[in-house]
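> Note that the protein sequences, when read in sequence, are chains A and B. Heads up: the first sequence begins at 1 in the working numbering, then just goes up one per residue. Heads up: the second sequence begins at 61 in the working numbering, then just goes up one per residue.
Treat the hints loosely; a few may be bogus.
[Said to hold, decoys possible] FRET-style restraints, in silico, Cβ to Cβ:
hint, chain 1, residue 1, chain 2, residue 2, range
1, B, S381, A, T6, 37 to 45 Å
2, A, V30, B, W74, 53 to 61 Å
3, A, G8, B, P384, 39 to 47 Å
4, A, G8, B, P268, 45 to 53 Å
5, B, R276, A, V30, 29 to 37 Å
6, A, F37, B, R267, 45 to 53 Å
7, B, P384, A, F37, 20 to 28 Å
8, B, W74, A, M27, 50 to 58 Å
It should be emphasised that the hints constitute simulated quantities derived from the structure, not laboratory data. Where is the CB? At the ideal position from N, CA and C, for every residue including glycine.
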Amino acid sequence: MEINWTWGQAWQITYMSFGLVLAILVMLAVVTWLIGFIGGRKVRSANETVPEHERTPPKQ
Amino acid sequence: MEGFFHNGIGALSWGNAVMLAVGLAFIWLAIVKKWEPYELLPIGVGVILANLPATGLLVQPHEAGGEFGSAGLLGVFIEYGLLRYTILPQLIFLGLGAMTDFGPLIANPRLFLLGAAAQLGIFIAFIGALLLGHLGVAEFGLREAAAIAIIGGADGPTTIYLTSQLAPGLMGVTAAAAYSYMAMVAIIQPRIILALTTRKERKIYMRPQLRSVSQREKIVFPIVCTILVILLVPGSAPLIGMFMFGNLLRESEVVPRLVEAAEYSLVNIVTIILMLCVGASMPAEVVMRPETVMILALGLVAFAGGTAGGVLMARVMRLVSREPLNPIIGAAGVSAVPMSARVAQHMGQKENPRNFLLMHAMGPNVAGVISSAVVAGAFLAILG
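For reference, chain A alone in the conformation it holds in the complex:
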């Protein structure tokens, strides 16, 4: 057991860790949305070069 911690350290660990988790998950949300957006654009541009009956159906 540490015996030399302070409440300042404890609060710093708390808000830094929680803030880090929130920041990373927000980043992951944005990146995931981008992956979906780019994937959707690829499908749309691929559909423009193929006959209609061979097109990938749009995402629901």
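Once you've looked at the hints, dock chain B against the given chain A.
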């Protein structure tokens, strides 16, 4: 001849006897009540083996002094699988990744926020544990507080992983608490959800049809997640790396034998060994202390706080979201997969029989697994 008559009866203490009863209780919960049987059954057996005296099963290799045949089976598993190299929880995460479908989360990325908010309980318990230490009620420092608080992540392997690194003496109790509370999700969560939401909110209808997620997205996601998260929190690499590796095996669809091995053989074998070790980490002299009750209480606070955090975040998101968002799914940010998603499904249907919230709830559910691993990585980076 004296050895022939040597038995454990004389060495059995009252504490051992109580813990034998606890072990039997875990076995009863697993077999009769069917509470997390894959975890509680081997934990119960481990507890019994740890509290039958003079067996030598728990002698770890470093304690045996290098003498051949003197280390015990459980001692070997505990020292090399948990304390010295901590590989068992990481291997479990590989198997869990192979079982996980990130589709609902990829289809609705805003649900990541619910997984993050549901980690609030961890930090409430962290401060609570430190307060008890500060008041002199328990010997909880920063490392012990983090090891106790991670129970709120409702993720057994993460709890075991972090506790074995920061406070190995608490591992048995924290892991048993985590798995017990996960088994009680259906009892703990509904009350909190009811307290924090209105009837009108619980009736909100979410269309059951999520957008379809392509295989390409499901392949790119674990790769990007691995690189991004580990660059930012290197301490999370063992858990996130293995989790996403298992998921990539699954989503690639080119290695079905490896997926099958990860999902079944690997997970099953490691579960047996890991849960036996967890139980074996609960000898009477470690568990029968006042701190154990405090750990159980703080674990419950962490769990409840996490549920509350997820629900409250969902309520806030509902106000700014263009699409309907039922706050019940916020409770699924607690990463008890898939139990808390099922709780959300059940409560949602009870309030509105048209509602099918399971797939929506799986999004924050799996986001919670990532979030709790990130928290563990952060704690390790700061306190390890």
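> Each of the hints needs a verdict: does it hold here or not?
The hints, checked one at a time:
1. Checked against the hint of 37 to 45 Å, the pair B/S381 and A/T6 passes, with Cβ atoms roughly 40 Å apart.
2. Restraint check, A/V30 to B/W74: a C-beta distance of roughly 57 Å satisfies the suggested window 53 to 61 Å.
3. A beta carbon spacing of about 43 Å between A/G8 and B/P384 agrees with the range 39 to 47 Å that was offered as a hint.
4. At about 49 Å, the CB distance of A/G8 to B/P268 agrees with the hint of 45 to 53 Å.
5. For the pair B/R276 and A/V30, the supplied restraint of 29 to 37 Å is violated, since their beta-carbon distance comes to about 18 Å.
6. Taking 45 to 53 Å as the suggested C-beta distance range, the pair A/F37 and B/R267 does not conform, at roughly 20 Å.
7. Roughly 22 Å separates the CB atoms of B/P384 and A/F37, a value that falls within the hinted 20 to 28 Å.
8. A beta carbon spacing of about 53 Å between B/W74 and A/M27 agrees with the range 50 to 58 Å that was offered as a hint.
Hints 5 and 6 from the list above are not met by this structure, while the remaining hints are.
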